[in-house]
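*Asks:* These protein sequence lines map, in sequence, to chains H and P.
Take the first sequence: its letter number 12 is residue 12 in our numbering, and every next letter is one higher.
Take the second sequence: its letter number 167 is residue 167 in our numbering, and every next letter is one higher.
In case anyone wonders, no lab produced these hints; they're calculated from the structure.
Hints may be right or wrong, so weigh each one.
To be verified - When the alpha-carbon atoms are kept at most 27 angstroms apart in a straight line, the in silico DSSO-like pairs for lysine-lysine are as follows: (1) H:54 / P:322; (2) P:322 / P:362; (3) H:13 / P:425; (4) P:165 / H:122; (5) P:415 / H:13; (6) H:13 / P:165; (7) P:386 / H:60; (8) P:425 / H:54; (9) P:322 / P:165; (10) P:322 / H:13; (11) P:60 / H:60; (12) P:393 / H:13; (13) H:13 / P:386; (14) H:60 / P:322.
One letter stands for each residue in the lines below.
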Amino acid sequence: MMVKQISVFLENKSGRLAAVTRVLGSNDIDISALSIADTTDFGILRLIVNDPDKAVRVLKEHGFTVRSTDVIAISVPDRPGGLASALDVLERESIGIEYTYAFVGKKADEALVILRLDNPEKAIETLKKNNIKVLSAEDVYNL
Amino acid sequence: MEYWNRIYECMPREELTRIQSERLIQTVKRVYHNVPHYREKMQKAGIEPGDIQSLDDLKKLPFTYKQDLRDTYPYGMFAVPLTEIVRIHASSGTTGKPTVVGYTRRDIDTWAEVTARTLVCAGANKDSVVQIAYGYGLFTGGLGIHYGAERIGASVIPISGGNTKRQIQIMKDFGSTILACTPSYALYMAEEMEAMGIKKEDLKLKAGVFGAEPWSEQMREEIERRLGVLAIDIYGLSEVIGPGVASECKFKCGMHIPEDHFIPEIIDPDTEEVLPPGSTGELVFTTITKEGLPLIRYRTRDISSLKYDICECGRTCVRMSKVTGRTDDMLIIRGVNVFPSQIESVLLEVGDTAPHYQLVVKRVDNLDVLEILVEINQSLFSDEVKKLETVEKKIRSAIESVLGISAKVTLVEPKTIERSEGKAKRVIDLRKI
Ligand SMILES: [Zn+2]
Numbered sequence: 001m002m003v004k005q006i007s008v009f010l011e012n013k014s015g016r017l018a019a020v021t022r023v024l025g026s027n028d029i030d031i032s033a034l035s036i037a038d039t040t041d042f043g044i045l046r047l048i049v050n051d052p053d054k055a056v057r058v059l060k061e062h063g064f065t066v067r068s069t070d071v072i073a074i075s076v077p078d079r080p081g082g083l084a085s086a087l088d089v090l091e092r093e094s095i096g097i098e099y100t101y102a103f104v105g106k107k108a109d110e111a112l113v114i115l116r117l118d119n120p121e122k123a124i125e126t127l128k129k130n131n132i133k134v135l136s137a138e139d140v141y142n143l
Numbered sequence: 001m002e003y004w005n006r007i008y009e010c011m012p013r014e015e016l017t018r019i020q021s022e023r024l025i026q027t028v029k030r031v032y033h034n035v036p037h038y039r040e041k042m043q044k045a046g047i048e049p050g051d052i053q054s055l056d057d058l059k060k061l062p063f064t065y066k067q068d069l070r071d072t073y074p075y076g077m078f079a080v081p082l083t084e085i086v087r088i089h090a091s092s093g094t095t096g097k098p099t100v101v102g103y104t105r106r107d108i109d110t111w112a113e114v115t116a117r118t119l120v121c122a123g124a125n126k127d128s129v130v131q132i133a134y135g136y137g138l139f140t141g142g143l144g145i146h147y148g149a150e151r152i153g154a155s156v157i158p159i160s161g162g163n164t165k166r167q168i169q170i171m172k173d174f175g176s177t178i179l180a181c182t183p184s185y186a187l188y189m190a191e192e193m194e195a196m197g198i199k200k201e202d203l204k205l206k207a208g209v210f211g212a213e214p215w216s217e218q219m220r221e222e223i224e225r226r227l228g229v230l231a232i233d234i235y236g237l238s239e240v241i242g243p244g245v246a247s248e249c250k251f252k253c254g255m256h257i258p259e260d261h262f263i264p265e266i267i268d269p270d271t272e273e274v275l276p277p278g279s280t281g282e283l284v285f286t287t288i289t290k291e292g293l294p295l296i297r298y299r300t301r302d303i304s305s306l307k308y309d310i311c312e313c314g315r316t317c318v319r320m321s322k323v324t325g326r327t328d329d330m331l332i333i334r335g336v337n338v339f340p341s342q343i344e345s346v347l348l349e350v351g352d353t354a355p356h357y358q359l360v361v362k363r364v365d366n367l368d369v370l371e372i373l374v375e376i377n378q379s380l381f382s383d384e385v386k387k388l389e390t391v392e393k394k395i396r397s398a399i400e401s402v403l404g405i406s407a408k409v410t411l412v413e414p415k416t417i418e419r420s421e422g423k424a425k426r427v428i429d430l431r432k433i
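One chain only, chain P, in its complex shape (with noise of 0.2 angstroms):
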């Protein structure tokens, strides 16, 4: 099995654009009367359905940005009624609230298929056995791999992340040929495996499918030796439908973005002018076949570019660099997002004052490790050992339940961490990706 829907993965140029020109008509329309959010926001800046005739019209439109989503939570984005809505994801909220989508029955249908062109382009069918230990529940992760692992055919098992021996054992004896999960927790796991005593030869295992996290070229030639796999890079975001947005061939060349789904451009995050192909700039989404809550240009934050020249493999839709950075200053931390500002508000009601606090984050044995650098100050120093360290266990607790990820907290003395511009650095990374 080369591809999953030749059809669409290998169509001219001409052809796509003439697909994406229409049902991106249609779904400007159907944004501008289903959406009071989308509407308002076309009519402050003079457009109308009418006005978008072509893709060409595509960057007339105005930006979504997440703060729509949290401005309009949960339900505001939609473009349907509930009723019609079958499923519902969240990601992890930045200020409390979570970012909230929803799928209809077809888009469950879409996203089975845009998962399913992910696998077969790590070279599943309907023989592999799929070992999914990406995260089920409100994360996309788990359910979107799962439902296009079942649309090929393939054997689904459904482990979910963590229980790492249990993991591996069945891996062992249940035979899994594709591994999914993070690139993190498969180094993990290849770890584990030395220590059980199993060699890679002990496994059927052929390839995986890796994201949520970025991850380098030198990490994939790790796990590909200690698992003996063909390592593939994968991209999504809830927000878009999670994951099937792009992924890589067997030539890791860039990753695969069904664009008969989803438009992507590259636009300068300052000036968002669009930039021309190849230039390196923000991401940037449109659906166009979502029912539930199509985005129009959302902007993702994430630093790639694009390449329109046809594949070795033969597909001629357009690849996306791997993530090279963000345009703000999100982390992502074995997966969750992070931003400086969720855990400014934790210290906030630690104390009485905002500490100055800088985030540092490790890899430590294949696993992000975050410290949390807190400068004492006059409202959280005591004289008692015992309650400073109650003040550490308190903002680590604090950060735990917010970001649902464990954090070092460390008590710093004041002035301790760098300023550039009177300005603390808040984020230190120190994974080499």
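Same shape as in the complex, but just chain H (with noise of 0.2 angstroms):
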């Protein structure tokens, strides 16, 4: 159920974001979700992509600096509450929030959530076990 994310280093400057875009496009790989955190210096670029591997390596041969790591993505309702519904149960677990962000699904009544959590695997568990969609790898890199 653990989805690879990929990041990349990117300084704050105009084209970079368009430089790896570039990149990926060339290379046939698709793009399902992104997301760009960034401070005054440096942004650091997530994206979710049919295929990471492919795209980890094309990234580090264009001299990016590049990183996997794995998160999981969830399916919740599309109305109010329904994303605190799956943060509720993963506070009462303690498993803390690296970070997350939205991302578009196909079915217009489900909102699509990427979760980087601290212990992924107990999350997944836990997330089952209280009804919540956890998607598959595929389901995502698919969207």
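Now that you have both chains on their own, put them together as the hints suggest.
*Replies:* Below, the structure is given as structure tokens:
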């Protein structure tokens, strides 16, 4: 159930994000989710793609600093409080969230969320036990 | 008071040469017998004290390097036992170990003599009120000028560096006439003064002795205009004695060196040949009166030139030009010596491998600002912002504890730091000096 996210270091200067997407595009890599965390000097670009291993390889070949991390993707009902119930479950089990971001799914009534957690295995088990839908890697890569 | 010591400052060259020869012979004998490190060096070069008969023989002697002081840390180069040392100073260490210098009672006396000459060059006399805003402590700046000012009978305000508003208030209230500090601090004070609504006419300042970092003619004009002073450039290094090694007079045409204490040479740093008068090259000093830490042909790494014609002020002693550069990659930032190798060792401690880095120095509002660009690599990178910020913070605080100055640390993408011939360009100095 673990999803491989790739993270890329970017300096805060114009054209860097475009450069990453260009490299991925020309290598037939599809982006299904994207988020940027930035500070005044640099940003960390986080990506979910259809072929993470290949993405890491081609980005490294182009001189980017890249790493891949395990994250999990969940689907929550697209209504007020939908995400809160999932986060409550994690909090009860004292599972810390490093960061999170939402992305677009194909069904209108569900919201998809990526979670980077300090204990992903335990999180998956707990979320499933509480009837929260955890997406498989394949589901996510092919969105 | 035109001169502090007319006899020596205005001595005819032949007489000076005779005195220098005598003192050199004595110094060489002393170090040969008292400092094993010098003896070994001389033996290796096939030289005995008897081979040094006059000033002309100086060039036969082997050079002394900063590394010699490090290799013999802390007291190995001292030529007297510790019982005769009355003061110890040290410069900031480049690889963790500082350069230690020791003074006998007579050395302190010599130091007061040469810094008294410096202050008199700037027009000081016993009526002067000298505000010393150089750092006191292990740094030689503060106490060096202090003893000189006391020697001429001036009133000394030993305020040390920092606390700018108070500096200015005291300068105004106490009627300071001479200011001693780094030139960039003088300009900073000028700005603070304007912000506090204090005009130069409210002060009694007449002159300033500014050194410990390179500065330009344009900076001099600005200091003179904004503080209403005569701004005098001074030079010194702790290994030779501290401040007092050279000083301009009011004619500002090179810094007079008290040659009865220190013999300067200009050499080609590569061939190590002594260059003829007027040539530009590396400045080398031999001390001929110091007891605690005599130096034979000490390589300063500073690039300068020497002028032997008689100055308008009447002083016959040689003048050195402003230091125009270094023969190594040392930077002087806010008066602190910084070597790229120091930064490199800090970076090695933080990551698994030494990342590429570059030091960028700028002068912002008359203050040196150091930025360290560090290329991110696989071992430093994390997908979490706080971990990357921790890396920056770690580097910043390690730099601060090693160098004693703050720096901005910026993580940059790999391969973005310019390389030349495969080697990275370590230092970008954007200060307009
Ligand atoms: Zn002069």
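*Asks:* Tell me the numbers of any earlier hints that the structure contravenes, in ascending order.
*Replies:* Those not satisfied are hints 1, 4, 6, 8, 9, 10, 11 and 14.
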